[in-house]
Each structure stands twice: as C-alpha cells, then as structure tokens.
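There are 2 protein chains.
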Amino acid sequence: MFKDFKLIAGRPVYIQVKDYMKHLIIKGALQGDQKLPSTREMGVLLQVSRNSVIAAYEGLEDDGFVYVVKGRGNYVAPSAPGTVKGSPRIMDWKAHLNGHAMLAEELDIMKYGIRAEKGTISFTSIAPDEGLFDLDNVKRAFMDRMAVEGNVLLNYGYAKGYKPLIDYLHQYMEHKGVDMKGKDILITNGFTEGFNIVLSALNRKSGHVLTENPTHHTAIKNLKLHGFGIKGIPMERDGIHLGELEKALDEGEYDCAYFVPSYHNPTGIVMSPEKRQSLMKLMAGYDIPLIEDGFNEELRYSGSHVSPLIATAGAGNSVIYLGSFSKVLFPGLRVGWVLADQELIYYLESIKRAQTIHTSTLDQSILYQYLYNGNLEKYLKKARAEYKRKYELTLECCKQHVHYQALTGDGGLHLFVAFAEGFNTRELLEACRAQGVIFTAGEMFYTDGGGQHTMRLGFSRVADEDIRKGIEVIGKTAHKLMG
Amino acid sequence: MFKDFKLIAGRPVYIQVKDYMKHLIIKGALQGDQKLPSTREMGVLLQVSRNSVIAAYEGLEDDGFVYVVKGRGNYVAPSAPGTVKGSPRIMDWKAHLNGHAMLAEELDIMKYGIRAEKGTISFTSIAPDEGLFDLDNVKRAFMDRMAVEGNVLLNYGYAKGYKPLIDYLHQYMEHKGVDMKGKDILITNGFTEGFNIVLSALNRKSGHVLTENPTHHTAIKNLKLHGFGIKGIPMERDGIHLGELEKALDEGEYDCAYFVPSYHNPTGIVMSPEKRQSLMKLMAGYDIPLIEDGFNEELRYSGSHVSPLIATAGAGNSVIYLGSFSKVLFPGLRVGWVLADQELIYYLESIKRAQTIHTSTLDQSILYQYLYNGNLEKYLKKARAEYKRKYELTLECCKQHVHYQALTGDGGLHLFVAFAEGFNTRELLEACRAQGVIFTAGEMFYTDGGGQHTMRLGFSRVADEDIRKGIEVIGKTAHKLMG
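For the record, the sequence lines run as chains A and B.
Per our numbering, residue 1 is the first one in the first sequence, and the count goes up by one each step.
Per our numbering, residue 1 is the first one in the second sequence, and the count goes up by one each step.
If we strip away everything but chain A, and leave its shape as in the complex, we get:
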C-alpha cells in the first residue's frame, strides 16, 4: 500500500496526497472505519513533508472522506463519496432523444469525415497556420487588459458584448463603408453562434432559404437543423448567377438569403464589385432578409477593394452581417459579431442571453486590446504574404499536375477544383488516402446533391514540400482514374 504514489511537477503536494487518498478510498483499497497512518508515518511512506499530509487529511475531512477521533487519529468515513451504493436507473437514452439530436449527429461531418493518420498530407483544413500566430502580442494584450480591469473581466459581462470591442467594431465596420446609422452590434461565440441566433429569430413563412450553390457546409447543416429547405443558386466566375437568382426570386418565396461574397466557401470566388452592386439592386426589390457571411474578407491579398454587401446596401437595413476574425486571426478565441438593424439586434440580444448569457469577456477583451495595439494590420501583412505564396504554389502545382475542367479561388486559404462531370472525387479521395494524401470531396457543399466531380483544397496548413508532393499524387491518381 502507498507504494504507487508518484509526485508530478507544478501541482501542490498536499493536493496530490489528498487526490491519491481519495482514489484509494473510492476504489476500496481503504475501507470504511479503517484507521489511516499518522501524519508522520504517512509523510515517511509517501516521502512528502508532514505538513503536506496534515493539509491533505484536513481536506479529506472537509470533503467527507475522513473523520477524526480526537486523540486517536484519522479514519476512513464509512459514507465516503463513491462508496455508498446508490439507486441506479438504467435508461435507454436513444428513446429519450428527439429528431433534432439525431439529425445533428447525422450531419456532423466530424463524426463521419475522413481521418488523417499521422504523416498524411491533408488539404482538408482551411484553419489558419498556427505558425503565423504572434503569441507575444496576444500575451501582451492579455497582460495589458488584465492590468486595466482584471477583476471586471473575470466577472459577469453583458449579453450584447464587451463595450470597448463593440465600439472598436463599430468604427471598423464604418471604415468598410457601412452606414452605421440605425445599426447595432451583438458579439457572439464566432460566426456559428451568430448564424444560429439569427436563424432561430426569423419568421418562417415559406420555410425556404436562398443560398449560393455550392455553399459553406456548416451553413447547410444549420439551415437543415433549423428545418429550412434550401434553394441553391449556381455560381459564375465572378459570383452568384444573377439571372438564376432573379428567376428563383420570381418563382418562389423565401424567408431569408445567405450569401458569402468574399472567398466564398468552397469555390474561393470573390464576388466582383459590379456584381455586388447589381445583387443588392436586385435584392432591394424583395422583402427578404439577407445574411452576409463576412468570412475572410480581411484576407484579400490581390485585386481591387471590395465592399461588403451591407455597405453596398447603403442606408438600407435588410442585411445581417456576420463577422469574425476566426479564420484570419485565432479560431481558439471564439469571438464573432452580428451587425444589423438595431431593432433586430435588440431581439437577438435576448436570444443570446438565453442561450449562452454572454461571450467570454476574456476572449473579447484580449481581442480588443490586440486590435487596439495595432497588431491586426501587422499580422495581416505577414499572413497575406505567406498565404499568397502558398496560394500561388498550390495553383502552379494544380496547373502542372491536375487535369481539371475548372479551377476557382481568388486567394484566401483554399482552391476549388472541378473535374469533368461523371468523375467521382470520393473515389479519388479513397485512392489518394491510400497514398497518404487527403482533401475534401466537394459533394458536401452542394445544396442539390451535386458536386460529385469537385474537391476543395485547403493549403493554409500544408508545408510547401507537401503541397508539391500532395498535388502531384492527386493529379496522377485522378489521371489514372480517368483511364
């Protein structure tokens, strides 16, 4: 007994002794009413100071594991936690789950997605390259903010968000050309929470939503989870097909539209400024809320300036802009924002409060201080240069090795490849995986069951050498499959 106790670094010794004793009591190695060794003996047995044992025994008494008999010593409590037989009820949980839970699991690509074994070259991720993170600036932002108002940051915040961050984003969006009059901002746990809060607030008449086709698979998932039917509009080289959109608008009824104008996921297309104008002119004729996914628009590293749709809408109030620095900065900080008409935000704030009370104040305040300190500009310069380099390398490799029919992607963190109709990228994926290379088959981005001949290549987290090797494998394998 007491031979398997091992100290680890950085955790107080008395707590380790206490944890160890609890473990022995719970697993039954020490039994009810059994006398424990004296604190002096125990110190010798475990090779720790007697004071640590004294503190551990006190903690054990506080927590109900031990009782003291004055003048005689410490005894294991017969009713110690984990030692009393309870009243078990064994439930069949599946019988208690609803269709929503089943659908969430079914649409959860993380549960059914392809797994990369160690050493696999993976083009599946479009998360940022963590090697680019400027950790020292994040640390400084944390320490700066803690020094200013640490106590406040750790207590409850406001559902609407951390005021300095809201004010910062207000100016930030104004400088993107947004007419902020009558608009307001709600901070959320990233894009995803913002999207869900908006969907849970919108009136449902037709039960149908307009999107680009293909489109962001998380959006497809959440639209389905909210019970919406999806009408996807095909893409052209410079963005959504306006003629098809107009036709759909004339023929059907929609509760809202969801568009990704910049670095559209998965095609990587940036909608042209002219098309943005035409799109908003067209949409102005319909009473349909437009959800704009501001995804990665900060990453633009080539071409002329483009304004978000909410800026193109001028003084209008029909656009709900969902912003996030996640893909550009740090996905680990779960901070996004909804920018929209202030009346809408007023209601969304109540839903946000009901769902998660508020977004981590620490995340918000670190992000705010990081932005205030001027780090975003510096970081973007570095990140854009690096991603541009990788983009051009990937593009070059694709041109060299892949017999594609169409390739899109105006920068960002990924490219989108379409082979000839009839080609199946799931088969290609299986064949490539066997050779240690994976990517995302395009099917999951399609709203109409199409896209079997497409694939998305995320290059942000792939090393140059692996980009070269991986694309060559994909190209050669595709060529072989084409026969």
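Read the hints as simulated data drawn from the structure, not as lab findings.
Wrong hints could be hidden among the right ones.
You can't tell identical chains apart in this list, so a pair holds if it fits in one copy or across any two.
Dumping the calculated SDA-like pairs for lysine to any residue here, alpha-carbon to alpha-carbon at most 25 Å [claimed, not checked]:
1) Lys139 x Ala9
2) Lys281 x Glu41
3) Lys224 x His96
4) Lys27 x Gly314
5) Lys378 x Ile8
6) Lys160 x Glu105
7) Lys35 x Arg72
8) Lys388 x Gln277
9) Lys85 x Leu242
10) Lys94 x Ala9
11) Lys85 x Glu343
Fit chain B to the known structure of chain A by using the hints.
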C-alpha cells in the same frame, strides 16, 4: 482642416492617422479626386513623423480610400468605402421575427428588471465578489499555459472540449463520488449553454417538465423558450417535498426533471443527504431523465458533506449533471460542463458543434491550469470564509429588522425571505427603491404565478455597512407597509 486630430496612447500612430483620414473621407470632408497634402506637409499638419503618414497613406490605398498618381501624389478615391450610394431596402423587422424571438425578449429580465442607480444598495446580484479574485494566479495560469502550447490554444479546438480540462473534471467528479463508468463529459459555455443543449436534444412526449417550486428563473425562461410546460413541486426546509413529487409522478407524464439540490436558487436550501437518497430511490422507479444543476455546491461552508444526485444514483445513467465554476470562481470565463451517460454525450457533442463549434480554448486552458496549480482549494478557503461572514451578518440583520414569516438559506450567496401571504414584495421593492435599496422580488422564481410575498437577498457583492443599512431599510419599510 486637420486641426481636430488627437493622438491617443498605446495605438500605433500610423493607424490613428489612417483612421482619421478614413473618417474625413467617409463624412465627406475630403471628396473624391481631391488631392491629399504631401506626406511631408501632412506630418507637419498632424504633428506626426513623415514615416507615419507614409504608412497611413499606403494603408489607405490598400483599403480603397486613396489612389496614387505617380509623380503627382495621393488622391481620394471617388469610390471610397462609405461614399457610394447603395441600394437601400428598408425592412419592418418585427414582421420578420418569430414567436421565439418575441418570447425571448419578453422573458428577458435584464430588459425589464429593476435598474440600480449609482449609490443604490443592491441585493439583486448573486455573482461572486470580484474583490476576492486572485488575479495573479489567473495571470500565472495564462502565462504557464501559453508557454506550453500557445499556438495550439489559439487555433481550433474540439467540440467536446479541451482534453486536459475534461480529464481533470473526470477525476474531480469521481472524487465527488460519481461512478464514472460509462459516463462522459462535454464542455459548454457555462451552465446555460449546457442546459439549452440538453433541452434541445430531449424527446418530447408529454411536453412537461418537473422542477422545484420556486426555482432558478433562467431555467424557467429556457424551459418556456423550448416550449415545455412546468410542473413545480413545493419545497420543504430540507429540499423538495417528496410526497408532492410522488403524487405528481403518479398523476402525470414528464419528459424530464430539473432539480437544484445545493444552494437551491432562490431558497438557498441544501437538500439533506437523506432526502437525496430518498429522492433518487423514488426517481429510480420512473423513466425520466433528471437534470441536476450543480450550482454552487463548491461553496458549502457548513454542515456535513453532501453528494451530488448523480453520485447518489450510483451506476445508474439517468442523471445529467450540469457543472460550472462560474459562481464560485470567475463568471467571465464561460466554462461549464455536462456530465452524463456517454451515449447521450455523443449526441450532445454534435449539437454543441452545430451551435458554437467549441468553447473558448483559452478560457478552458486557463481554467485547467488554474485548477492544476491548486488555486481552487486556496481560493475556496478564502471565499467560503468571506461569504460565511457576510451570510451570518445578513442573517443577523434580517433577524433583527425584518418581520418575516420564513427565512431560508444554508449559506451560499443569498437568503430567501417569505413574508405573510398577501404581502406584496413588488410594492416593498418600489418603496425601498425610493430609499436607495433594491432586492429581487420572488415572483419570477415561481412556476405557478405565486411567490408575491417572497424576496431573494443576494449579499455576495454588498459591503458590510451596506448590508446593515440596506436590511434595516427593507425591514422598516416592510413593517410600515404591513400597517
């Protein structure tokens, strides 16, 4: 022009110049195709270095605000963001919102709750006293963790949660006596998200839920938002009335039960160990999932050890335990957890991923490191002593000044007072507010429209002197109103 430029500290000068120029262009003070002063002139005008102006002008060009004519200088872009007239669509947002959004707003007590003016003595909060926060240990936890794996923490994490924290909580709950076999943990953005995720997964047959009456108003709100009817069971001095519960179980059908066994909100009652055993024995006879709110059980500073219901359930799998350190440690860190049967957690994980992807890794890792470093134990010792002192003071003041009919609260951060039936605490609140003292009228905690004669007194954030003054005002005013 350029006279109202003012430098602020800590933000790079060139960004401030850039922001300032953007502002001038957007508000129309600088017009399309207007030539900007040379970088040298501008440096003099704004009293900043020429290099800062050069960097600012470059940024303005990148962002589409300025164009350069070689050899001639910088000009305002005629299509600069914010200067182009868009295609506005003005929408009546109320017509696009559904009943859920309306109900969320209607039940949002922050929107309709009483506001405290500066100087008001407020007994409304049951948040922790931020003066107790050990900021240095939080900073150390942050720096420790960043040093170990900063890059990883800032990139995407897992929906299920941060592995080291999950492992820690696994042992933590085991040491509370929970049989962890077949159980698993999901990290959430505090209690509230956990509660909502569970409710959104549960099968609905009867559409009714069992709770204590009164109970936590956030739970009432979210149960209503999920469309559940609530059957409240009255409280006794040592917890829920088992006879009434049994009657309800016999007479009705329920999709789940929600109980708060420790420091029950609002009554402050800690359910006795014996009652916990009897409750679980009773519940074991029914196929009803039991949601246990682990609220504040860490705060216990008197009386014998009590086990959570999920421990009392032994090897059973019917209890869903919702844990959080928010009220005990730092509410600003939005971290809670769901401990339940692993099959249930498997589905809840997919819902969590769909709703918010994952909880802030930074929050989780700071909390983990803070716990690992052994700070919780130290902090609890300090916090318990302080809250105990305040509890006893508040209790003493109530006994001295308030003619109550019943007073409950076994510690924690609040007391609950019931006057004679017929007395109205909303009227009392109005009269006290006029004298600069507020509290929470009890009505909102009742599931059946009752409780008009009750009030909750949160003392955690009230100074000793204010406790004395405030309770005296409440007592005298109540006495006067009783006539």
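Each hint, compared with the structure:
1. When the C-alpha separation of Lys139 and Ala9 is checked against a cutoff of 25 Å, the pair qualifies both within a copy, at 24 Å, and between copies, at 19 Å.
2. Within a single copy, Lys281 and Glu41 get their C-alpha atoms no closer than 84 Å, and across copies no closer than 41 Å, so neither meets the 25 Å cut-off.
3. Proximity of Lys224 to His96 under the C-alpha cut-off of 25 Å is found in both arrangements, the shortest distances being 21 Å within a copy and 19 Å between copies.
4. Taking CA atoms no more than 25 Å apart as the test, Lys27 paired with Gly314 passes between copies only; the shortest distance there is 14 Å, against 67 Å inside one copy.
5. In this homomeric assembly, Lys378 and Ile8 come within 25 Å of each other (Cα to Cα) only across copies, at 19 Å, whereas the closest approach inside a single copy is 40 Å.
6. For the homomeric pair Lys160 and Glu105, the shortest alpha-carbon distance between copies (13 Å) is at most 25 Å, but the shortest distance inside one copy (30 Å) is not.
7. Taking the shortest Cα distances, Lys35 and Arg72 sit within 25 Å of each other inside one copy (9 Å), while across copies they are farther apart (92 Å).
8. With identical chains, the CA atoms of Lys388 and Gln277 are never at most 25 Å apart, being 27 Å at best within one copy and 64 Å at best between copies.
9. In this assembly of identical chains, the alpha carbons of Lys85 and Leu242 lie at most 25 Å apart only when taken from different copies (21 Å versus 68 Å within one copy).
10. In this assembly of identical chains, the alpha carbons of Lys94 and Ala9 never lie at most 25 Å apart, being 43 Å within a copy and 58 Å across copies at closest.
11. Taking the shortest Cα distances, Lys85 and Glu343 sit within 25 Å of each other only across copies (23 Å), while inside one copy they are farther apart (55 Å).
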